[in-house]
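Number of protein chains: 2
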Amino acid sequence: MSDSPLLLSIAVLGGTGKEGKGLAYRWAKAGYHIHIGSRDPEKAKAAATEVSEMLGGEAMIEGLGNADAARAANIVVLTVPYSAHKDTLESVKSELKGKILVDVSVPLMPPKVATVQMPGAGSAAQEAKQIVGEGVEVCAAFQNISHELLLDNAEVECDVLVTGTSKEARGEVLKLVEAAGLRGWDAGPLENSVVLEGLTSVLIGINRKYGSTNAGIKITGVSS
Amino acid sequence: MSDSPLLLSIAVLGGTGKEGKGLAYRWAKAGYHIHIGSRDPEKAKAAATEVSEMLGGEAMIEGLGNADAARAANIVVLTVPYSAHKDTLESVKSELKGKILVDVSVPLMPPKVATVQMPGAGSAAQEAKQIVGEGVEVCAAFQNISHELLLDNAEVECDVLVTGTSKEARGEVLKLVEAAGLRGWDAGPLENSVVLEGLTSVLIGINRKYGSTNAGIKITGVSS
Chain A
18 MSDSPLLLSI AVLGGTGKEG KGLAYRWAKA GYHIHIGSRD PEKAKAAATE
68 VSEMLGGEAM IEGLGNADAA RAANIVVLTV PYSAHKDTLE SVKSELKGKI
118 LVDVSVPLMP PKVATVQMPG AGSAAQEAKQ IVGEGVEVCA AFQNISHELL
168 LDNAEVECDV LVTGTSKEAR GEVLKLVEAA GLRGWDAGPL ENSVVLEGLT
218 SVLIGINRKY GSTNAGIKIT GVSS
Chain B
18 MSDSPLLLSI AVLGGTGKEG KGLAYRWAKA GYHIHIGSRD PEKAKAAATE
68 VSEMLGGEAM IEGLGNADAA RAANIVVLTV PYSAHKDTLE SVKSELKGKI
118 LVDVSVPLMP PKVATVQMPG AGSAAQEAKQ IVGEGVEVCA AFQNISHELL
168 LDNAEVECDV LVTGTSKEAR GEVLKLVEAA GLRGWDAGPL ENSVVLEGLT
218 SVLIGINRKY GSTNAGIKIT GVSS
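Residue numbers (the working numbering), protein chains in the order written: chain A, 18 to 241; chain B, 18 to 241.
One chain only, chain A, in its complex shape (with noise of 0.2 Å):
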């Protein structure tokens, strides 16, 4: 995989939604080729077209089906709702051998959704591993970003925890941390992917019961 941003392409799969269009509006902005994926092409390219605007036209990004999307990248971020979670990823898992899964999702159980309820599997994202098998690499990052501040260009006060199945795989979604304009902590093995998911959950508790909207987390102690 290589270092240039110019050759690396990102699949963003329910990238019609908010999160999604989030992340692929700051990596087009930053020259990846981004592949927006929805079950429904059709609001894909819709999609595509509405980040291509806002960036004057210049972005490198294209709306398809979800298999379509995740065959055509390097990188698959998975920003689905996790109601769509296991059919997206069974659905597109022939397409992933040999790349970087990077799962987005957060097992929120309505209505108690500022309680922490994690699947079976430790975390949604340990669920991906099981349901994707070997020879892919699957991290987990960008649970606590908010959507509004990434189309905003806001700078954005929360960091970003990235968790996965191996260092290089962590080191490579770290650079789309970068690239996003945030600050990326190397968070360790994907069996830690249960913080990263639950503070999701704390989060907006807080939101709740201190009257804000973007409560968000940053590592202190640490300087480099």
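Be careful, since some hints might not be right.
Identical copies look the same in the list; a pair holds intra-copy or inter-copy alike.
Derived pair list, reagent style BS3-like, types lysine-lysine, alpha-carbon separation capped at 25 Å [claimed, not checked]: (1) K110 x K226; (2) K235 x K192; (3) K103 x K46; (4) K35 x K60; (5) K192 x K226; (6) K116 x K103; (7) K129 x K184; (8) K110 x K184; (9) K226 x K184; (10) K114 x K46; (11) K235 x K103; (12) K184 x K62; (13) K62 x K46; (14) K184 x K60.
No wet-lab data here; the hints were simulated from the structure.
Starting from the structure of chain A, add chain B where the hints point.
Leaving out everything else, chain B in the frame of chain A:
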């Protein structure tokens, strides 16, 4: 339970360890009556004398066996290593009815202490709740605070997330957070303690990878 620190007494079980001693020091300094508990009452007395001397002999602090310390206090804080978690809880549970238990434990499983590995109950704090049973409010807090910073009177650049079995119990613990000179947040129900405990492994990993010693977290995006 009174709002006055002078009428509230705190047991710190495992208070001969570094974390417990640091918390006992901060609370004794704030005027709380402290009962340091240990399996060995003589060690507890020595720790109490040490903390008292750090405060110029002005503190209300004494050393006792764990059960005697728990009996004497309104709030019982558990700071033993995870290997002693279950046995210590069994030995004091008859003293906890109607009280608040604050579990500081982290279920670290050497040698992989930078990997989140939770017990079957979901977290150490949820395991504690199973052991102590009905009639005891259980909270989890203080997992990520460096004992060196507590004893150094240093400003601690790490927020304290507080989870627990009721909003009222979390509110009492948030008062103790403030009394220790720290910033606290209501982080929701006890199920969310997996995030607090798991963060410890993430922060251990970050310290290793980034060459820091006191990595912590701060909540951002909330103006209060």
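Broken hints, by number: 1, 3, 10, 11, 12, 14
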